Amino acid sequence: MTHYIIRILDFIFAFFGLLLGFPVLIILTFIGYFDTGSPIFIQERVGRNQKLFKLIKFRTMSVGTASVASHLASCSSITKFGNFLRKTKLDELPQLWNVFKGEMSLVGPRPNLYNQEELIFEREKLGVYNVRPGITGLAQVNNIDMSTPLLLAETDKTMITTLTIRDYFKYIIMTVTGSGKGDAVNTK
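Numbering (the numbering used here), first residue to last: 97 to 284.
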C-alpha cells in the first residue's frame, strides 16, 4: 500500500515541481548554455527491473567528459556553474520529468550506469532493482555513494525494506536542506 501512496505523491510533487519550477528550469538552461553550450545531460541508467531509461540532469561537467560514475570522473571536469549546480543540488531538477513519467521516484536507490558491474551484482543479489530508482534516499543523505558498491547496495536494501511515508518526507527534507554531499568526484 505504501508504494501506491508514494507513487501518487511522486506524481503530484513532480507535476507541481515542473509547473512551478519551469521559470527556474528555463533560467538554469539559459545559463548552462553559456557555460557548456549543452546544458542538458542525458545518460542511460539502470532502472526498475534493470530496465534502461534516459536520466535527465543539468550538465555539470565539460562536454566530452567520459561517461563514468561520478567517483571515477576528475573534478577538473566540473565547470564553475556545474559546481554551483552540484552544491545546490539544482542539477537534479530535470529528473522531475523522470519521476513524472514513472521511471523514477523522488526517494529510492540512485540509478547506476549499465557498466557498473560490481554494483549491479550487489544490488541484484539484494533485490534493489525491484523498486524505482530515486533522486535521493538513505544512502545520499548519509554520503554513501557508488564508490562503495556493497555498502551502497546494503543501505539501499535497508531503505527499501523500512521505507515509510514519514521517511519519504524525511529524506526529501534532508536533501533539500543540505544533508548529503551528492556523488563524490575523483580529486586526482
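Each hint should be verified, as a subset may be incorrect.
With a cut-off of at most 27 Å between alpha-carbon atoms, the simulated BS3-like pairs for lysine-lysine come out as follows [stated by the list, open to error]: (1) Lys176 with Lys253; (2) Lys253 with Lys185; (3) Lys221 with Lys185; (4) Lys153 with Lys253; (5) Lys147 with Lys197; (6) Lys176 with Lys150; (7) Lys153 with Lys266; (8) Lys185 with Lys153; (9) Lys221 with Lys147; (10) Lys221 with Lys253; (11) Lys153 with Lys176; (12) Lys185 with Lys147; (13) Lys153 with Lys183; (14) Lys150 with Lys253; (15) Lys150 with Lys185; (16) Lys197 with Lys150; (17) Lys221 with Lys150; (18) Lys185 with Lys197; (19) Lys176 with Lys221; (20) Lys150 with Lys183; (21) Lys266 with Lys185; (22) Lys266 with Lys176; (23) Lys197 with Lys253; (24) Lys253 with Lys266.
Just so you know, the hints here were simulated from the structure itself, not pulled from any lab data. Quick caveat, the model's predicted, so the values are computed rather than measured.
So, going through the hints one by one against the coordinates:
no., hint, result
1, Lys176 with Lys253, "violated (35 Å)"
2, Lys253 with Lys185, "holds (24 Å)"
3, Lys221 with Lys185, "violated (30 Å)"
4, Lys153 with Lys253, "holds (25 Å)"
5, Lys147 with Lys197, "holds (14 Å)"
6, Lys176 with Lys150, "holds (25 Å)"
7, Lys153 with Lys266, "holds (23 Å)"
8, Lys185 with Lys153, "holds (10 Å)"
9, Lys221 with Lys147, "holds (16 Å)"
10, Lys221 with Lys253, "holds (10 Å)"
11, Lys153 with Lys176, "holds (16 Å)"
12, Lys185 with Lys147, "holds (25 Å)"
13, Lys153 with Lys183, "holds (14 Å)"
14, Lys150 with Lys253, "holds (23 Å)"
15, Lys150 with Lys185, "holds (19 Å)"
16, Lys197 with Lys150, "holds (11 Å)"
17, Lys221 with Lys150, "holds (24 Å)"
18, Lys185 with Lys197, "holds (21 Å)"
19, Lys176 with Lys221, "violated (39 Å)"
20, Lys150 with Lys183, "holds (23 Å)"
21, Lys266 with Lys185, "holds (17 Å)"
22, Lys266 with Lys176, "violated (30 Å)"
23, Lys197 with Lys253, "holds (24 Å)"
24, Lys253 with Lys266, "holds (17 Å)"
In this structure, the hints that do not hold are numbers 1, 3, 19 and 22, in rising order.
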